[in-house]
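Trainee: Quick note, the sequences are listed as chains A and B, same order.
Everything in the first sequence is counted per the numbering used here, starting at 1 for the first residue and increasing by one.
Everything in the second sequence is counted per the numbering used here, starting at 1001 for the first residue and increasing by one.
Check the hints yourself; a few may be wrong.
Said to hold, decoys possible - Here are some, though not all, of the chain A residues that point toward chain B, as calculated from beta-carbon distances under 8 angstroms:
1) Gly63
2) Met67
3) Ser70
4) Trp81
5) Pro82
6) Gly87
7) Gln90
8) Ile105
Just so you know, these hints were derived from the structure itself, not from any lab.
Note that the Cβ used here is the ideal one computed from N, Cα and C, for glycine as well.
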Amino acid sequence: MSPSTSNSGSGMIHCRNVHKTYRAGKTDKIVLDGVDFSINPRDRIGLLGRNGAGKSTLIRLIGGVEMPTSGKIIRRMSCSWPLGFTGGFQGSLTGYDNARFISRIYDKPYAEMRAFVEEFTELGSQLQMPVKRYSSGMRARLAFALSLAIEFECYLIDEVIMVGDKNFQDKCKDEFFEKRTDRALLLASHSLSTVRRYCNRAIVLKNGNATVYEDVNEAISVYEAL
Amino acid sequence: MVRELITRFGRENIGFLWIMAEPLLFAGLVGIVWTFLRAPDDSGISVIAFVASGYIPLTFLRQSIGRSAKIFQTNGSLLYHRQVKVLDFIFVRVTIEAIGATMAYIFAGIVLGFLGFFPFPADISALVGGWAIYIFFVLSVATLLAPFSEMSEAIEKLIPITVYIAIPFSGVFNFAAWLPPNIREAMMWSPLVSGMELMRYGLFGDLVTPYYDLPKALGISIVCLLVGLVLCRRVRRTLALA
Chain A
1 MSPSTSNSGS GMIHCRNVHK TYRAGKTDKI VLDGVDFSIN PRDRIGLLGR
51 NGAGKSTLIR LIGGVEMPTS GKIIRRMSCS WPLGFTGGFQ GSLTGYDNAR
101 FISRIYDKPY AEMRAFVEEF TELGSQLQMP VKRYSSGMRA RLAFALSLAI
151 EFECYLIDEV IMVGDKNFQD KCKDEFFEKR TDRALLLASH SLSTVRRYCN
201 RAIVLKNGNA TVYEDVNEAI SVYEAL
Chain B
1001 MVRELITRFG RENIGFLWIM AEPLLFAGLV GIVWTFLRAP DDSGISVIAF
1051 VASGYIPLTF LRQSIGRSAK IFQTNGSLLY HRQVKVLDFI FVRVTIEAIG
1101 ATMAYIFAGI VLGFLGFFPF PADISALVGG WAIYIFFVLS VATLLAPFSE
1151 MSEAIEKLIP ITVYIAIPFS GVFNFAAWLP PNIREAMMWS PLVSGMELMR
1201 YGLFGDLVTP YYDLPKALGI SIVCLLVGLV LCRRVRRTLA LA
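Starting from the given sequences, assemble the full structure and let the hints guide the process.
Mentor: This is the structure:
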């Protein structure tokens, strides 16, 4: 399916000249027009860009949900599915059923998964409800719990931390920025304070092109000028 | 991985055991009506058994093909996990329907057989073989139509209609032996007819004269499957998920 779906060994993720075009009626809309960058182990990359700049698209491509129109994405570390408002769940199933499914396909003992999910989400009996009835905050809790339980080497996060309440945001920060400092992170966000505080690099997406900044503050000032 | 998906979809479909009851009910009602409307058949074949043996595979066909429309989109959220491939959706869907139909067939056979309307299969290997051909063809067509339904909205809407058009070409409600030789010859291009004839022979034995063409049936199925696989691959590349 994808050029490399290697799930083992520490390494990097490379995007090589990635293009993505969507068909919109009769015209083609170019969303990404030759994106090149790499994610190193332990990288904390903030992904900035205006609405519709292609942040979510880029994250979906890296996560392997969609395929690039041309170019390559090479994954040399295990990489989460895109954690966002949608996707990754079967809405008609309960939270527990989704946890069981995830634990099966990622080969993780269900008992451990279940304990972790219960503790992290604090959703209690609501885990027995179909996921489609969850609020976006509850969904975000479940998605984070499941992906944290798998222990990926790289997490792809699409905005979603922001929808959570204070308690959830603190938990996420604790898990990602205190406990799991050895993981890589690609964080699409409009929260500049989060990016400034936690990221060591940043990417600004504009007109289908990605510019990588080693200095996060520089990226933020470019983004603010957009 | 496919096995995991089956169990998973299986959980989702616990109420799906009802599928077994539906063809049974239909076959029973149609069979009763026909028994009254028509003079008793002197061929020694019960109308109820005939209808049941045709309608259950037809239900399977309708469900499998009907659900193949937009199957990638409806299951799109599962594609967030890279282990899950688009083909899994089709295979799992058809497998579940096939298991359901097989259970319905066996169940109907036992119930109707107990009431004396359903014979014990004369040749189980022919019955199973015919069923396998039927399933294989349905799987191929589902693999072909699933990517088509993503490519064109018109095809997506037409899929339910094609299923009804397929009825005369499926051998469900007639024996090929009843047809004039030239039409019968044409019918041999339909793998459904070959599968159904073989199943009916397996069920009724020498009471019927089966007409089937295995090389044609398998050949057509394989061609559909290959084209379908290529299309699935192409569609996956451009698939946009909300």
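Trainee: All hints, please: hold or fail.
Mentor: Quick rundown of the hints versus the structure:
1. The interface hint given for Gly63/A is met, as the beta carbon of that residue sits about 7 angstroms from the closest beta carbon of chain B, less than 8 angstroms.
2. Taking 8 angstroms as the C-beta contact cut-off toward chain B, the hint placing Met67/A at the interface holds, the least distance being around 5 angstroms.
3. For Ser70/A, the interface hint is violated, since its Cβ never comes within 8 angstroms of a Cβ in chain B; the closest pair sits about 10 angstroms apart.
4. Evaluation of the Trp81/A hint against chain B yields a held restraint, the C-beta minimum of about 4 angstroms falling below 8 angstroms.
5. At about 7 angstroms, the closest approach between the beta carbon of Pro82/A and any beta carbon in chain B falls short of 8 angstroms, and the interface hint on this residue holds.
6. At about 4 angstroms, the closest approach between the beta carbon of Gly87/A and any beta carbon in chain B falls short of 8 angstroms, and the interface hint on this residue holds.
7. At a threshold of 8 angstroms, the smallest CB-CB gap from Gln90/A to chain B is about 6 angstroms, leaving the interface hint in force.
8. Nearest Cβ of chain B to the Cβ of Ile105/A: about 5 angstroms, under the 8 angstroms cut. The hint holds.
Comparing the model with each numbered hint stated earlier shows that hint 3 is the single one that does not hold.
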